[in-house]
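J.: Chains A and B supply the protein sequences, listed in that same order. 67 is the number that this note's numbering gives to position 67 of the first sequence; each next residue is one higher, with no gaps. Heads up, this note's numbering is the position in the second sequence plus 1000, with the first residue counted as 1.
Just so you know, these hints were derived from the structure itself, not from any lab. Just so we're clear, the structure is a prediction, and the values are computed from it rather than from any experiment. Do not rely on the hints blindly, as some may be mistaken.
Said to hold, decoys possible - Derived coverage of chain B by chain A (criterion: at least 3 residues anywhere in the stretch with Cβ under 8 angstroms from a Cβ of chain A; other residues may be distant): (1) 1008-1016; (2) 1175-1186; (3) 1358-1372.
To be verified - Beyond 10 angstroms from chain A on every Cβ pair, some chain B residues (computed): (4) Thr1032; (5) Glu1215; (6) Leu1294; (7) Gly1314; (8) Phe1379; (9) Gly1422; (10) Trp1434.
Note that beta-carbon positions come from the ideal geometry of N, C-alpha and C, so glycine has one too.
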Amino acid sequence: MSLDIRLPLGAFFTLLGVLLTGYGWATRGTPGTTPTGVPIDLIWGAALLVFGVAMLGLARRARPSSRPGPFSVSERGDDT
Amino acid sequence: MTTLSWVDYAVMALYFAFVLGIGAALRRYVRTSEDFFLSGRSIPAWVTGLAFISANLGAQEVIGMGASGAKYGIATSHFYWIGAIPAMVFIGLFMMPFYYGSRARSVPEYLKLRFDEKTRALNAVSFAIMTVFSSGISLYAMGKLLHLLLGWSFDVSILIAAGVVLAYIFLGGLTSAIYNEVLQFFLIVLGFAPLVFLGLRAVGGWSGLVSRLAEHATAGGFAPGAYTHSWAFMGHASANPVGVEWFGLVMGLGFVLSFGYWCTDFLVVQRAMAANSMTAARRTPLIAAFPKMLFPFLVILPGMLALVVSPASGVRAAAPAVSSTSTTSPTSTTSITSASAVGIVPPKVDAHGAPLRDAAGGVVLDYDLATPMLLLHFFPAGLLGLGLTALLASFMSGMAGNVTAFNTVWTYDLYQSYVRPGAPDAHYLAMGRWATVAGVAISIAAAYVAASFNNIMDFLQLVFAFVNAPLFATFALGMFWKRTTGHGAFAGLVAGTLAAAVHHGLSLPAGAAVGVKGGYLGVVTTFPSELAQTFWTAIVAWVTCFVVTIVVSLFTRPRAPDELRGLVYGLTRQPVDTAAPWYERPVALAVVVLAVTLVLNAVFF
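Pulled out of the complex, with its shape left as it was, chain B reads as follows (with noise of 0.2 angstroms):
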């Protein structure tokens, strides 16, 4: 276990007294219930853009993009450069005019607007608690984290954390989770980005990583290369570690979960909500695409940079104690030793602190720790406090993002809609607050539901993955065709829904075993990897909500279109943006963003 010094605990303690101080100052701009969720509609679109992309940079990206990392290499690059960057630009170019310009409040509104109440009604339920059990996991996870790398009380970090979050969004709203995100966004760049640099460093820059990846991919069975280009190998599933083959990969992430998740979250859309403008709410997504499509370099570096570190190269050359302990039953604390770790990527190890074993022998190693071993390794004191800052600015903005989101679909799709309605607007700004203690309450409860029942919260991801795959087919459908109806788009969401359900059970990756990971209906096919799974679970449900929507659609009866004036390509007034200098017109972005996207795959082809 690392002990750290007063510079460290100086570091965070600047850090909360910021992030405080922040919500503090913003409340006094509070007045009506639109400032408190949706920033009163007035924030410019660099700040709206780095928190659209802070508030999704939690700690599964960080931690989750280095642990692929290590386990998959720069092809984990295809996270961002097929599964976010274009889908960023969809949304910024053409959807973001039917979301900003309809003046719905969130996007389950959108939905009642354009489709009806059911459809609402499915969309802010799901939504609403799938946004404080992921809040939830990801506060487990830090606990987790900070309990087995710094020896902190699990209990004291969760409550800390979940404290000073739930302080700053009750103060100041969206406001202020937007803000606090933006400080968060340099803290985080900032503070990883000297990893990257010794990391690289110590290994002879990109070339020594190159080289040492290479060992590394031969004695797995690869090509040399398998770890260091990014589509090389994607030509099939057993040439490349991630296990997906390119139709897969470009379908099923670059398409259906990609389009999925930023074009229709609502914890995205409302950072573009918030903005002062038609023109600033488009440029939201494209201005965080810049900084997006370079996160590679940021978090997934670090990851591959763990496997081939040599241990003995850090400013803590003895192996720090990982403690092999539960979080709920902390009985043992064992130090790892070297040799059964790869670079400084320890294994996983079991209630004694045996190292775990997969069924060939080989041993498992436990990846979400390489980037937290890689700050441990090569931060001396004072910026290991900037380091672990930054880990835990990522956590809070995650969590930011989530009770934000869910502050505002409660209050207005659930309870202004269906619990009371018509109330004057200082009770719904009153219930906003209280939604924010509530969200945070829940969190902190999921976060304990986890620590004691794992599986649980495998299963409820999983319900998640099922419910978000067919999300865009209706979206798409909704605001690009006139005539899909309202029964269309619910009997296609609840189909695709149970199609991915029929579609998981039916199917097993390589090697696992039935029940969590699929194949409870009977197994009929099978899948290189759980990856591979998962997109094509998606891909089909998208397909199936896809086809479904426009079987029912022509059967019902549609909207006049009247009534659907400004929710739909061809009844609404497209926006010009011709007065603006080029570098601010959301087309001339777009097509930089994709230039240099298209760049960078073809550099790490």
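Okay, chain A solo, but in the shape it has when bound (with noise of 0.2 angstroms):
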């Protein structure tokens, strides 16, 4: 099959990481937000944007134009 699935799954976490990390960060102190005191919202958030980030690079390492050199245009596969 021509998509390569960890492309959509990698955008999917890393934007849920961003919007978690930055609520996180923008509601950090206020009461109700650290269960047993962990502020996860923060970390978890981050969690996930690593594991995001993580896919994304895995699926641009699969794509042969992801290769530098002079050719990488031609050698563009057709899974766009």
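Reassemble the complex: the two chains are provided individually, in unrelated frames, and hints are given to aid placement.
T.: Take a look at the structure:
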């Protein structure tokens, strides 16, 4: 199949990570945001962000077009 | 009732955008019916492996295993370490060569190739009916839960969830379902992992959980370790909260029910059939086994934690208001006082909001709310959106699994075989899309039937259990004994199903009333628990099917060996995987899976 699942997977978790980290940062210190003393939105948002970026990295590495070189354009697959 | 913040809605919106986007992006790759129903057999093993596990990771699993965790403790892990892993290894190593190698497009089609038309028809019809009804039951459960927790409209919740599932399967077929199942898999894992982390942290880690559950166990009349040991108290049914002894557990759950589901259910087998090679198809259930054996920590622990966390320890200190109304007649909303709850697991309530009590006067807990309550308890705005989206994802992946299996069996095994054979491929592709619409529509209708007549659904699930129980005997004999005949298989299946019904009708779990729970033919024997009755019914069905199939086969004419090539052990070339690195070989994976499972059983013995 011509669509690499890691691409939407990576994009989804990257956006989700950005959203949660941002929200966690903006609301830090507000009562009711740190269950058992852990700023969980911030920490878990960052974890999701790392996961998403790693997936995007894997997807990019698997694509021939990511190789540097003068012929990279002609090497591009049909999986855009 | 809990009110969500904008950030929670944003997480859900992001999820919906991606699942629909994946369906839309895959639309242009669907050109033939094989693309639609079997993903053109082109998907890598790690993707089919995660889809294999995710299609099964429906709401019944996430909510139900949490509920069982609260009810039975860590012994619930038997549903994984005994009740799934061995069967998943077996299908990968021994059965996949026949499913994938025969080029059958569905499990019923394999039965037609191996046996005859009537065996296929029996399996196809019962399977098609079962899948749409299961999907309807899970839709009903979702609508009810969202209404209870968030006050959302039952109608709107199920229409939106069903509409989204319909849209992405209609567009991208099985590939779309599989890709979304991978997304849903990661969402469920990453959505529930912080719940377990926060829960364990609040009770003082595993040792804290053990000591708190010890109090709970002794209060219930069990040994202190009964909720935190999986095997130690299985010697006698009365010594453990599950109410089952080890033999019934291993044979009924570990052998009959588990192999019957994992090795013959087209819902999961379809994912492996979509793999891009024989080795990939064989690796599919083995790759799936790795996350599967760790799932107890993700789905069972929340239930156990819900039983012992202090109601004051969460981010929403006040006990959540829980609507006591049925979904069809919203009349009143009652706040459950923490007095009758255990931990944060609320009691079941009657129409007036009073807690239900059993015959002994004890409060009946609503275990199905254990995991959802823990989500509300620990997750602040933001993460709550993630947790609820993970819950939605589990409902949707389970439903999509049912719908894709239904549209394939309907189109290939029923429509193409009996209604309109010989049409051009484009016709069957279109039929597949319309079958998807019909499957979703019937699911919605079934959800409303479940909402109005709960007993009908209990009855249907009972009938499904009777139909499923003998299946593995038929497949095992069909694949490994070339003398098995079509008449034998058909007679065995019918006899096994009847035997299950008769056994169930003659037995009753302790404390239950005669009716849908059994005893309708006269109570000859009683079981210590409903699970024990279920396991023994399955054993009786399996043995009956096994014996009847053999006897009838010996008296009927077998097919010529030439007709059985690729379908039966001994007449099929066994796949050899010497070229791949060791960690990609099915046998090596199987050894690792079994070794780790053994270690897990030993650790929680």
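J.: Please go over all the hints and tell whether each is borne out by the structure.
T.: To see whether the hints hold, each was checked on the structure:
| no. | hint | verdict |
| --- | --- | --- |
| 1 | 1008-1016 | holds (count 4) |
| 2 | 1175-1186 | holds (count 5) |
| 3 | 1358-1372 | violated (count 0) |
| 4 | Thr1032 | holds, 13 angstroms |
| 5 | Glu1215 | holds, 21 angstroms |
| 6 | Leu1294 | holds, 17 angstroms |
| 7 | Gly1314 | violated, 6 angstroms |
| 8 | Phe1379 | violated, 7 angstroms |
| 9 | Gly1422 | holds, 29 angstroms |
| 10 | Trp1434 | holds, 23 angstroms |
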